[in-house]
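Student: Letter by letter, the chains look like this.
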Amino acid sequence: MRVFVPLAVAYLALPALLPPFQMTVLGFALIATMVVYGINLITGRAGITSLGQAAFMGFGAYATAIVSSRLGLSPWLGLLAALLLATAMAAVLGALTVRLKGHYLPLATLAWQVAIFILMGNLDGLPGGRTGLRNLPPIDVLGRELTSSRDFYYLAAGMVLVCGWLLTNLARSRTGRATMALRGDAPAAASFGVDPAAQRLKAFVLAAALAGVGGWLYAHFLRFVNPAPFDLQASIVFLIMGVVGGIATVPGAFVGALLVTGLEDVLRDVLPALFGRGGNYEIIAFGLLLLGILHFAPQGLWPVVARFLPRRRPSLPSGPGLPPTGAGRAGAGPLLEVEGLGKRFGGLEAVSDLSLAIAPGEILGLIGPNGAGKTTTFNLITGFERPTAGAVRFGGVDLTRTRPFDDRRSGIARTFQHPHLLLDATLLDNVLLGTFRRTRAGMLASLFRLDAKEEARARVTGMEALRRVGLADLAFELAGNLPLGNQRRLEIARALAADPSLLLLDEPAAGLRDAEKLELADLIRQLAAEGMTVLLVEHDMDLVMNLVDRVIVMNYGRKLAEGPPAVVQNDPAVVEAYLGKPAEDVHGDAEAELADA
Amino acid sequence: MRKLLALLSTLALAVLGSALGQEPIKIGVVISETGPAAALGIPQKNTVVLWERVINDAGGISGHPVEFVVYDDATSPDQAVQAARRLVEQDQVVALIGATAIPPTLSLQQVAAEAGVPLLAIAPVVEHNDWSFQITRATIDMLHAVAEHIAQQGHQRLGYIGYDDALGDDFINGLRAFEDEYGFEVVTDERFARTDTSVAGQVLRVLSAQPDAVFIGASGTVATIPHRTLVERGFAGDIYHTHAVLNPGFLQLGEEYIEGAVVPSDPIVVIDQIGEGFPGLDVGREYKELYEAEYGAGTVSTQGAYAVDAVKVLEAAIAAALENASPADLGALRTAIRDEILAIDGLPGVTGTLSFGPDKRVGVDFSTVVLVEVRDNDWRFLRDFTE
Amino acid sequence: MDQTVFLFLLSDGVISGAIYALIAVSLVLTFNVTRVIAVFVGELAVFAPLTYAVLLTGKVPGTVWLSAAMLVLWAGLERERPRTALPLLGAAGATVGLAYLTASATSPWLLWPAAVLLVLPIGAAAYRVFYQPKLSETVLFLLIQAVGIHFVLQGLGLVFFGPEQLRPPPLLRGTITLLGVPVARQALLVLLFAFLVLALLGWLFNFTVIGKALRASAMNRRGAMLMGIDPFRAGMTAFLLTSLVAGVAGMLVAPITNVAYYSGFSLGIKGFVVAILAGFASYPLVIAGALFMALVESFSAFYASAYREVLVFALILPVLFWRSVATLDLGGDE
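Protein chains in written order, with the working numbering: chain A, 5 to 601; chain B, 238 to 624; chain C, 311 to 644.
Keep in mind that the hints are not guaranteed to be accurate.
To be verified - Derived pair list, reagent style SDA-like, types lysine to any residue, alpha-carbon separation capped at 20 Å: (1) C:Lys-369 to C:Ala-413; (2) B:Lys-263 to B:Asp-328; (3) B:Lys-263 to B:Ala-569; (4) C:Lys-522 to C:Ala-494; (5) C:Lys-444 to A:Ala-252; (6) A:Lys-105 to C:Ala-379; (7) A:Lys-105 to C:Ala-413; (8) B:Lys-597 to B:Asn-366; (9) A:Lys-105 to C:Leu-627; (10) A:Lys-105 to C:Thr-416; (11) C:Lys-369 to C:Ala-379; (12) B:Lys-597 to B:Asp-367; (13) A:Lys-105 to C:Leu-625; (14) A:Lys-105 to C:Val-629; (15) B:Lys-263 to A:Gly-280; (16) C:Lys-444 to A:Gly-280; (17) C:Lys-369 to B:Thr-536; (18) C:Lys-369 to B:Pro-485; (19) C:Lys-369 to B:Ala-534; (20) C:Lys-369 to B:Gln-489; (21) C:Lys-444 to A:Leu-292; (22) A:Lys-521 to A:Gln-421; (23) A:Lys-105 to C:Phe-631; (24) C:Lys-522 to C:Val-629; (25) A:Lys-105 to C:Arg-633; (26) C:Lys-444 to A:Val-308; (27) B:Lys-263 to A:Pro-307; (28) C:Lys-444 to A:Pro-307; (29) B:Lys-263 to B:Thr-536; (30) A:Lys-105 to C:Trp-513; (31) A:Lys-105 to C:Leu-450.
Simulated from the structure, these hints should not be mistaken for laboratory data.
Isolated chain A, as found in the complex (with noise of 0.2 Å):
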């Protein structure tokens, strides 16, 4: 309500206050606007850098050019066949691009954009070649014709403000936080359910239809359509707004949209009186505009402009969480069980022929000197590690060739050595990322805010989360102003969330201060009292011996002993390979090869 009220007052009286011509400006602006939402989207959330998303544009703008114009159908239709034509090319496109990595994936969003824009001016058929498609019919609204800027502003703005909206509500939804997850934080999110590539397409295909409808509302506005608007240079000048506005923001989008749409109308008044007819400056003003804003506003103006806005205090959530999950706590027997597990790294053997078991209720630790392959085989029980040889099983189910994300490892949950969190999000919302698989809303759902009742219970369980770690009262701080020692906590809350059976830590005292490992120690003692299965790797020999049942000692990929800690500790062996032999041995063996030789 308290948004609403200003952006329904601002979007009435706007065409008011402006004289026409500056409408034509903010039309401009609001078409940019749309494009500009899925690049914050894709770009500030998932972390695809797109230069293809003009061509999108262009399918949009063209499809309902050959729908209104050369088939005379409403350009309400060829709103249908834009959305149509932009998401089919883009789950397509997508489906090939998703899946490279680091710079490919922009590389061949740029090649497509440019091999598209090429393919539109060359069919001359329906699309016209390069001069195009003429005297397109305008939008007609309740049999109004939208033809001056005005009556178009208002169906644009409508547009744009009702997409910002959906936009929201997906960013708070378990889809967005997904999507936002796979920019920092990829492993974690894989691990806790997401699907990277499928989560990537899906953001893909929706930017995508935004920059269809985009262009949709360009052919209409401008009732002439040809190719050279949406090429390789288009799409750049889209990703510059976003960045201007702020990549990772809604409100962003249009803050970026009208800065650089109204920079250019503004120019064409202020560069001749300063400099006269004779030159052109215009594009470098604009760079040193753009340079400029980059310098002092590195993150874009939006959250410039957000820091004076009045911020909401968000309410604490109450009722009832998610059901739990009760995954692989029934029956009988080991509820891990790895066997003859190995990892062969060309010639290297990582891990081999390890074997292990861990009954329901134990906290078992797994310790070795440095590069015994221990976190190799946390990988290759929690699958971000495929092995050469053995098996994984959990609570009877073969896990062995699965990835993270797989489903059959719902009620395992990990933290990693070093923390895999987002440190621009709250806590919260850090630790609603465990909550993944607790939950089913699907993209569309979140957009329309369907999934409201089910994402108030996972804020609840989240809050039971970080309660469980003593976190809850710094439930809205941001994840990276935490010290080392509570981030790891964080995680762990994260990985509560997800109502595991299995707890994996991975070093969780790493870099602690003796207080802080103690504090962890009597949480791991507490969750194992209140029936949780622990997997610990650890270097702190007195951390690990003071806690776990069990205790298997890892060396040279192989297991080396296993037994309670009393036993192991003492195990000839296990001193040898952490401390070496004694000196005087080392010696005594040496006089003995001589004697033999």
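Assemble chains B and C onto chain A, guided by the hints.
Tutor: Just chains B and C now, with coordinates in the frame of chain A:
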């Protein structure tokens, strides 16, 4: 210095105009000062700036000072629309001149029709609506001249290599229209981009079709690249260019390679070599003298000529319109100007004699086209078509 | 197609490939050390020959003033450190002085290196002014900054040099015939230079301390700092090298292909494509990628010229997949 003068003169104009009680008449100009068509647009802008002074020094139009408001469209239809709407709604111009390239001109036509403002197109668009007229000689007329030469030389196989954009399309489509009548065939359609660094593959393809002559559908200095490659590969036949190469840069960069190139042209380029009796000679000479005094020797071009002809048409039309309509009623004045343009018949222009009518939207016709060729790195008049 | 045509297209492709490789190498060099994808490298490449062409006519082009101005700006930023600021001011003066001195000269021996030197400060100063305060921003941010610089430089290029192409005279005139195909001597010079640059960079990065320091900076800035390597210095060295390579490449290529104020952009894009194909990492892959792209371009220009770019980019896609296939990568950094 020039910029300062321009600024001061604009201010002076505004002050003077209001002091005299005669409002300035504003004419909107949308051309490409930047972007791929900049080479063609800059002479147009220079002409407009120059002619504004010429007109005002002579007392303006019917006593009203004239102001040309010039915006750059960066060779983009979007920018052209924005510029045009601004001119029409904010600057309140009585007429529009523009644009340099075809796609922006198409969108200008739309704006002109919606706003009821007469548009004088200085790009060779093919279709016009009720409000748009064309000053630029139709591409088809230029190609007609080339076709005449082809037939005259007895060429039967014509190779084509041109830009991969609307301009390149226009040229080859135009040439194909003359195939039957003049007994030749366009045997290749190779394309390249203005920014390409090499056209070796395309040229080889053209040569492999064994043409008698080649037509290069490009502009300015860029056109020297395929020409040079053809010559280096041993092609000895006639090489034709478009009228968009008629600038000093082409001659300079082409060096000795472009010797003998045949180019259809407007008379302005070889105005000193044309015999008396040719229509528009005086007007052309006057323009050349004034332009080159301002911008340097040898800088006169066909693009600038189109701009000045557009200005002349408006000068005549506005003067006539002011007898019946007043600047106070902008809509009526614009309509009156449009009607006066339609009534223009036999106006002497630099490009030729300008005439318009309800079915005649292009001002000049084929009769004032000339053919020129490159001799000793300069333009040499070859023939005209005044019969 | 017959053999001559094939060889001709091949030679054309190889030469274009050398050009793309040089640009790509500059991009890779800068990116590896600074994480900046310097898309304005195209402008750095064409400014030198454009400057050269104007100097030959006896005038001093605007690029000289731009260089000097940027040096002065840099000096201004260093005003708290007179030992750095004063030499910079001196360099600014020297730049202008050199330009006026050489503008009236006619010897290419003097003008050629002068042209390269006169535009060198632009890249270096750009790094100091725009990138030094932003060393830790994301790659996307740095890229958009580079785009901004590209706009400014290209816009200035139009102001300084006008819209038409220029063609400076070549260092080596004439052609020689290799295997029945005429090849411009200047083109061979381009190939030679490309080979030298790649060999030198390979040696530099693998066998010298400076090179290793640069690589260290790229891989781990903090670690390199702890080892006494100044990341800013490393970045500056990289930018200077890049400007130099791009500038000389532009000088060598301009007599063959003509240059205009807009030529830089497509060079930059093509170099960017090749750099990515090479994973922004390996120099031998740069050569392979550049040749691949240039040859596809050259041959498609013959077979289907209207669609040549489509073919190039369509063929790049499978290469991207192939390069991208390997271990499970779940995303993360841009």
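Student: Are the hints correct? Go through all of them and say.
Tutor: How the hints compare with the structure:
1. C:Lys-369 to C:Ala-413: Holds. Lys-369 of chain C to Ala-413 of chain C sits at ~6 Å (cutoff 20 Å).
2. B:Lys-263 to B:Asp-328: holds, 8 Å
3. B:Lys-263 to B:Ala-569: holds, 15 Å
4. C:Lys-522 to C:Ala-494: The given pair, whose Cα atoms are some 37 Å apart, is violated under the 20 Å limit.
5. C:Lys-444 to A:Ala-252: holds, 19 Å
6. A:Lys-105 to C:Ala-379: Between Lys-105 of chain A and Ala-379 of chain C the Cα gap is close to 41 Å, so the pair fails against 20 Å, i.e. violated.
7. A:Lys-105 to C:Ala-413: violated, 50 Å
8. B:Lys-597 to B:Asn-366: Roughly 11 Å separates the two Cα atoms, so the pair holds.
9. A:Lys-105 to C:Leu-627: This hinted pair holds, its Cα atoms lying about 13 Å apart.
10. A:Lys-105 to C:Thr-416: Roughly 52 Å separates the two Cα atoms, so the pair is violated.
11. C:Lys-369 to C:Ala-379: holds, 18 Å
12. B:Lys-597 to B:Asp-367: Given that 20 Å is the threshold and the Cα spacing comes to 11 Å, the pair holds.
13. A:Lys-105 to C:Leu-625: holds, 18 Å
14. A:Lys-105 to C:Val-629: Distance ~13 Å between Lys-105 of chain A and Val-629 of chain C Cα, so the pair holds.
15. B:Lys-263 to A:Gly-280: holds, 17 Å
16. C:Lys-444 to A:Gly-280: violated, 35 Å
17. C:Lys-369 to B:Thr-536: Holds - the C-alpha atoms of Thr-536 of chain B and Lys-369 of chain C are around 19 Å apart, at most 20 Å.
18. C:Lys-369 to B:Pro-485: Holds, at roughly 18 Å.
19. C:Lys-369 to B:Ala-534: OK: Lys-369 of chain C and Ala-534 of chain B at ~18 Å, within 20 Å.
20. C:Lys-369 to B:Gln-489: It holds: about 17 Å lies between the C-alpha atoms, which stays within 20 Å.
21. C:Lys-444 to A:Leu-292: holds, 16 Å
22. A:Lys-521 to A:Gln-421: holds, 15 Å
23. A:Lys-105 to C:Phe-631: holds, 9 Å
24. C:Lys-522 to C:Val-629: Cα-Cα ~30 Å, so violated.
25. A:Lys-105 to C:Arg-633: Distance of about 9 Å is within 20 Å: holds.
26. C:Lys-444 to A:Val-308: Holds. Lys-444 of chain C to Val-308 of chain A sits at ~18 Å (cutoff 20 Å).
27. B:Lys-263 to A:Pro-307: Given that 20 Å is the threshold and the Cα spacing comes to 43 Å, the pair is violated.
28. C:Lys-444 to A:Pro-307: Roughly 18 Å separates the two Cα atoms, so the pair holds.
29. B:Lys-263 to B:Thr-536: violated, 27 Å
30. A:Lys-105 to C:Trp-513: The given pair, whose Cα atoms are some 29 Å apart, is violated under the 20 Å limit.
31. A:Lys-105 to C:Leu-450: Holds, because 15 Å separates the two Cα atoms, which is no more than 20 Å.
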